Amino acid sequence: MIGCEDIDELRAFGRPLDAEAEAHVRACARCRELSPALGAVSAALAASSAPGVPAGLTARVMAAAGPLLAANAARATRWRLARALAAGLAPLPAILVLDFWLVRAGYDLLTRFLPDALSLYVVANWVGFLALLLGLTYGAIPFLAARQGPALHPRSA
Amino acid sequence: MEADETLMVAVAAGDGAALAELCRRWEQPLFRLLARQTGGRDVDDLHQETWLRVVRAAGRFTRGRPFRPWLFQIAINCCRDWARRRRVDPLEQTAELQTEPAAGGTARIDAALDAERLLAALPPAQREAVVLRYYHDLPEDEVAEILDCPRGTVKSRLHQAIARLVSVVRGGGKAVPARGARV
Numbered sequence: 003m004i005g006c007e008d009i010d011e012l013r014a015f016g017r018p019l020d021a022e023a024e025a026h027v028r029a030c031a032r033c034r035e036l037s038p039a040l041g042a043v044s045a046a047l048a049a050s051s052a053p054g055v056p057a058g059l060t061a062r063v064m065a066a067a068g069p070l071l072a073a074n075a076a077r078a079t080r081w082r083l084a085r086a087l088a089a090g091l092a093p094l095p096a097i098l099v100l101d102f103w104l105v106r107a108g109y110d111l112l113t114r115f116l117p118d119a120l121s122l123y124v125v126a127n128w129v130g131f132l133a134l135l136l137g138l139t140y141g142a143i144p145f146l147a148a149r150q151g152p153a154l155h156p157r158s159a
Numbered sequence: 006m007e008a009d010e011t012l013m014v015a016v017a018a019g020d021g022a023a024l025a026e027l028c029r030r031w032e033q034p035l036f037r038l039l040a041r042q043t044g045g046r047d048v049d050d051l052h053q054e055t056w057l058r059v060v061r062a063a064g065r066f067t068r069g070r071p072f073r074p075w076l077f078q079i080a081i082n083c084c085r086d087w088a089r090r091r092r093v094d095p096l097e098q099t100a101e102l103q104t105e106p107a108a109g110g111t112a113r114i115d116a117a118l119d120a121e122r123l124l125a126a127l128p129p130a131q132r133e134a135v136v137l138r139y140y141h142d143l144p145e146d147e148v149a150e151i152l153d154c155p156r157g158t159v160k161s162r163l164h165q166a167i168a169r170l171v172s173v174v175r176g177g178g179k180a181v182p183a184r185g186a187r188v
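Chains E and G, in that order, give the protein sequences. So the first sequence is numbered by our numbering: it starts at 3 and just counts up by one. So the second sequence is numbered by our numbering: it starts at 6 and just counts up by one.
It is worth saying that the hints were derived from the structure and are not from the lab. All values derive from a computational prediction rather than experimental measurement. One thing to keep in mind: the hints can contain errors.
[To be verified] Computed from the model, here is a short list of chain G residues facing chain E with C-beta under 10 Å:
1. 16
2. 56
3. 57
4. 67
5. 68
6. 79
7. 143
8. 152
9. 166
[What the hints assert, rightly or not] If you want the ones that stay clear, here's a sample from chain G, every Cβ over 10 Å from chain E, calculated:
10. 41
11. 49
12. 72
Glycine included, C-beta positions come from ideal geometry on N, C-alpha and C.
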């Protein structure tokens with residue numbers, strides 16, 4: 003079921019009418035009466051040439067967008083860093099508990115064969131080594147997050 | 006070729022090459038939309054302002070959302086802000102058109118009219134609907150998304166716009182007859 007206004011739109015915009023619309027126009031005095039005016043509207047709209055695009059528009063945009071892109075990059079880096087730190091810190095309590103349990107079990111084992119002082123020395127070295135590994139791991143997170151960069155796809159600027 | 010939406014994610018991360026690629030892809034349609042909305046005034050500045058807003062809002066671009074309606078929505082908002090700043094009143098232009106003598110009938114007026122003057126005769130909301138629907142051939146649903154209104158409102162604006170255009174073509178002296186009975 004098509005109405006007068008739908009047909010007006012089709013005719014004003016120069017769209018083809020189907021059989022039902024053609025039959026409507028033939029039967030409807032209002033639509034017949036509007037035909038010349040709608041034809042004029044259609045012709046005027048269709049005669050409009052597309053506005054020409056001046057050269058250098060993209061270059062102008064790129065020049066103006068530089069600071070905004072830099073701000074976006076900085077924001078993205080902060081966001082990546084925050085996510086990386088969150089992901090890295092989440093398992094830290096479990097790692098510490100596990101390390102504590104291993105160190106304690108190791109100390110208990112060592113004291114069966116070695117003097118207490120020597121066992122303590124060995125375990126203290128082990129703890130120092132584990133702390134160094136943890137420090138290096140977490141210290142690398144900001145560095146790696148910053149180096150990951152915004153380039154999701156290799157593209158020359 | 007990467008999708009526009011993928012490039013937008015890169016723009017949000019500060020990738021200038023992605024922005025340049027988007028600009029190249031959308032330069033023509035965007036420029037034409039702006040030119041038709043403003044009657045060709047300040048189009049270069051509005052084009053630049055639109056892209057700057059795109060870059061600023063890139064972080065809020067939702068993955069999976071189509072890029073074109075988002076871009077055109079920003080462009081339309083730029084035009085609205087521009088009109089507010091300039092206090093452009095298209096109704097003045099309409100009045101000017103409608104007071105022209107209708108002597109000679111439609112054929113004579115037809116020769117004198119051009120699309121720019123016709124579009125200038127429309128209120129901004131109706132002009133937006135006509136430009137998007139006719140010149141950009143967008144479906145009504147997408148026009149509704151860009152204009153942030155229901156589809157029915159888009160249809161209503163188009164019908165009002167056509168009635169107004171017919172009235173202008175006729176020299177403003179004769180109103181479009183009321184909608185007839187549906188067949």
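Exercise. Taking each numbered hint in turn, which are not upheld by the structure, reported in ascending numerical order?
Worked result: 4, 5, 6, 7, 8, 10, 11
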